[in-house]
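Student: Top line first, the protein sequences correspond to chains A and B. Using my numbering, you'd call the opening residue of the first sequence number 276 and step up by one each time. Using my numbering, you'd call the opening residue of the second sequence number 276 and step up by one each time.
One thing to keep in mind: the hints can contain errors.
For chains that are exact copies, the list does not tell them apart, and a pair is met inside one copy or across any two.
Stated by the list, open to error - Once the Cα atoms are required to be at most 20 Å apart in a straight line, the calculated SDA-like pairs of lysine to any residue come out as:
no., residue 1, residue 2
1, K459, R401
2, K310, E415
3, K383, V442
4, K365, L462
5, K292, E314
6, K416, Q303
7, K404, F463
8, K405, F306
9, K390, D341
10, K390, P439
11, K390, R338
12, K292, F436
13, K420, D355
14, K310, S343
15, K383, E440
16, K292, R318
17, K390, N281
18, K420, P387
These are calculated hints, taken from the structure and not from any lab test.
Protein chains: 2
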Amino acid sequence: MSTRRNPIPEHARMVFKGVLFEVWQWEQEMFDGSKQTFERLRRPNTVQVVATVGDEILIQDERQPDSSRAFPSIPGGRADEGEAPLESAKREMMEETGYSSEDWELWKEENPVGKIQWTVYTYIARNCKKTGEPHTDAGEKISSKLVSFNEFLALADDSNFYSPEIVPEMLRMRIDTARREEFKNRLFG
Amino acid sequence: MSTRRNPIPEHARMVFKGVLFEVWQWEQEMFDGSKQTFERLRRPNTVQVVATVGDEILIQDERQPDSSRAFPSIPGGRADEGEAPLESAKREMMEETGYSSEDWELWKEENPVGKIQWTVYTYIARNCKKTGEPHTDAGEKISSKLVSFNEFLALADDSNFYSPEIVPEMLRMRIDTARREEFKNRLFG
Numbered sequence: 276m277s278t279r280r281n282p283i284p285e286h287a288r289m290v291f292k293g294v295l296f297e298v299w300q301w302e303q304e305m306f307d308g309s310k311q312t313f314e315r316l317r318r319p320n321t322v323q324v325v326a327t328v329g330d331e332i333l334i335q336d337e338r339q340p341d342s343s344r345a346f347p348s349i350p351g352g353r354a355d356e357g358e359a360p361l362e363s364a365k366r367e368m369m370e371e372t373g374y375s376s377e378d379w380e381l382w383k384e385e386n387p388v389g390k391i392q393w394t395v396y397t398y399i400a401r402n403c404k405k406t407g408e409p410h411t412d413a414g415e416k417i418s419s420k421l422v423s424f425n426e427f428l429a430l431a432d433d434s435n436f437y438s439p440e441i442v443p444e445m446l447r448m449r450i451d452t453a454r455r456e457e458f459k460n461r462l463f464g
Numbered sequence: 276m277s278t279r280r281n282p283i284p285e286h287a288r289m290v291f292k293g294v295l296f297e298v299w300q301w302e303q304e305m306f307d308g309s310k311q312t313f314e315r316l317r318r319p320n321t322v323q324v325v326a327t328v329g330d331e332i333l334i335q336d337e338r339q340p341d342s343s344r345a346f347p348s349i350p351g352g353r354a355d356e357g358e359a360p361l362e363s364a365k366r367e368m369m370e371e372t373g374y375s376s377e378d379w380e381l382w383k384e385e386n387p388v389g390k391i392q393w394t395v396y397t398y399i400a401r402n403c404k405k406t407g408e409p410h411t412d413a414g415e416k417i418s419s420k421l422v423s424f425n426e427f428l429a430l431a432d433d434s435n436f437y438s439p440e441i442v443p444e445m446l447r448m449r450i451d452t453a454r455r456e457e458f459k460n461r462l463f464g
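One chain only, chain A, in its complex shape:
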């Protein structure tokens, strides 16, 4: 997925603002010179974190109130209005797991789906320490656990894994040993 895939044009106007999504429209000139109303959405950006603790990776099982299923995921969530992505990542990891890190790096920045202006920032947080207690809100139930690097890559085969943006890269690491070792070094030094 390329970045900046779905920008809303400057001359678009917002025709609806919901609790999560905004709907924007504009008149688009077509290839034959005719015009059509084009529509695109905007939603809050999201952040997620590949967090290492010793030689393991911090993952979690998450439940949401409108589903009975638990989803394995990596820590993360929605950026607040005006909040820089790195700050969102630090806040979400602390709220969900109680862990913090002093060694952060942006790994990926992607627009995962057509017709929606929405960026997913994936960070690496190295050498995380438990420095607080999780404080999840009424809309989530989360339990954290540590897994090996190979167990982490195997999550790409779990159809409930809740971080689809990184699945292709996880699979590429399983095809390509050099790519896997490079990422492992990047995570664990």
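Based on these hints, arrange chain B on the given structure of chain A.
Tutor: Then chain B, alone, in the frame of chain A:
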């Protein structure tokens, strides 16, 4: 990605209807008994086709009027209101490429993204023949070509490839020879 991931509950109400997206909301009881307004979108389902011609696969380069880039893709598009997915797939392949097939099979049915009720149907169409002329509308410019099975799988590494739903499966076929051969047999018999 599991199917039926984002159903809109029956008691939700539609609060906005755009040209492509509908916005639905409902009051959701949280884990602590409090309530919050939840929001979900609905959009037309889409279809796409892995189409074989002899021992090759039909792909295309597509341009849309609000972008200067061309995207490699497989034939497909949006289902019309009330149209069965298989009919949409046949119609889109004919409109975009002029090819038709008498041997169709549903390969995948997925809900690719959270918070949106939207299903992507991916079909296999075997032994396609050119039986008409493409008729693209004013909103697309499309040129078709034939590629080998391995060239098709290599598209998973093209960051502009416009069928992200099938990328993980294409990568899994490159990890797993048995999986690749099974799919190749399914395509070419």
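Student: Does each hint hold? Answer for all of them.
Tutor: Against the structure, the hints:
In this assembly of identical chains, the alpha carbons of K459 and R401 lie at most 20 Å apart only when taken from the same copy (11 Å versus 42 Å across copies). When the C-alpha separation of K310 and E415 is checked against a cutoff of 20 Å, the pair qualifies only between copies, where the shortest distance is 13 Å, while the shortest distance within a copy is 44 Å. In this assembly of identical chains, the alpha carbons of K383 and V442 lie at most 20 Å apart whether taken from the same copy (12 Å) or from different copies (17 Å). When the C-alpha separation of K365 and L462 is checked against a cutoff of 20 Å, the pair qualifies only within one copy, where the shortest distance is 17 Å, while the shortest distance between copies is 47 Å.
For the homomeric pair K292 and E314, the shortest alpha-carbon distances inside one copy (13 Å) and between copies (11 Å) are both at most 20 Å. Proximity of K416 and Q303 under a CA criterion of 20 Å is satisfied inter-copy only: 15 Å between copies versus 44 Å inside one chain copy. When the C-alpha separation of K404 and F463 is checked against a cutoff of 20 Å, the pair qualifies only within one copy, where the shortest distance is 14 Å, while the shortest distance between copies is 53 Å. Proximity of K405 to F306 under the C-alpha cut-off of 20 Å is found in neither arrangement, the shortest distances being 57 Å within a copy and 25 Å between copies.
With identical chains, the CA atoms of K390 and D341 are at most 20 Å apart between copies only, with a shortest distance of 11 Å across copies and 25 Å within one. Proximity of K390 and P439 under a CA criterion of 20 Å is satisfied in both settings, with 18 Å inside one chain copy and 14 Å between copies. Within a single copy, K390 and R338 get their C-alpha atoms only as close as 28 Å, which misses the 20 Å cut-off; across copies the closest is 15 Å, which meets it. Taking the closest pair of Cα atoms, K292 and F436 never come within 20 Å of each other, the shortest separation being 30 Å inside a single copy and 31 Å across copies.
With identical chains, the CA atoms of K420 and D355 are never at most 20 Å apart, being 26 Å at best within one copy and 45 Å at best between copies. Proximity of K310 to S343 under the C-alpha cut-off of 20 Å is restricted to the inter-copy arrangement: shortest distance 17 Å between copies versus 45 Å within a copy. For the identical chains of this complex, K383 and E440 are neighbours both inside a copy (9 Å) and across copies (19 Å), given an alpha-carbon limit of 20 Å. Both within a single protomer and between protomers do K292 and R318 lie at most 20 Å apart by alpha-carbon distance, with minima of 10 Å and 17 Å respectively.
In this assembly of identical chains, K390 and N281 lie within 20 Å of each other by CA distance both inside one copy and across copies; the values are 6 Å within and 18 Å between. In this homomeric assembly, K420 and P387 never come within 20 Å of each other (Cα to Cα): the closest approach is 27 Å inside a single copy and 26 Å across copies.
When held up to the earlier numbered hints, the structure conflicts with 8, 12, 13, 18 and fits the remainder.
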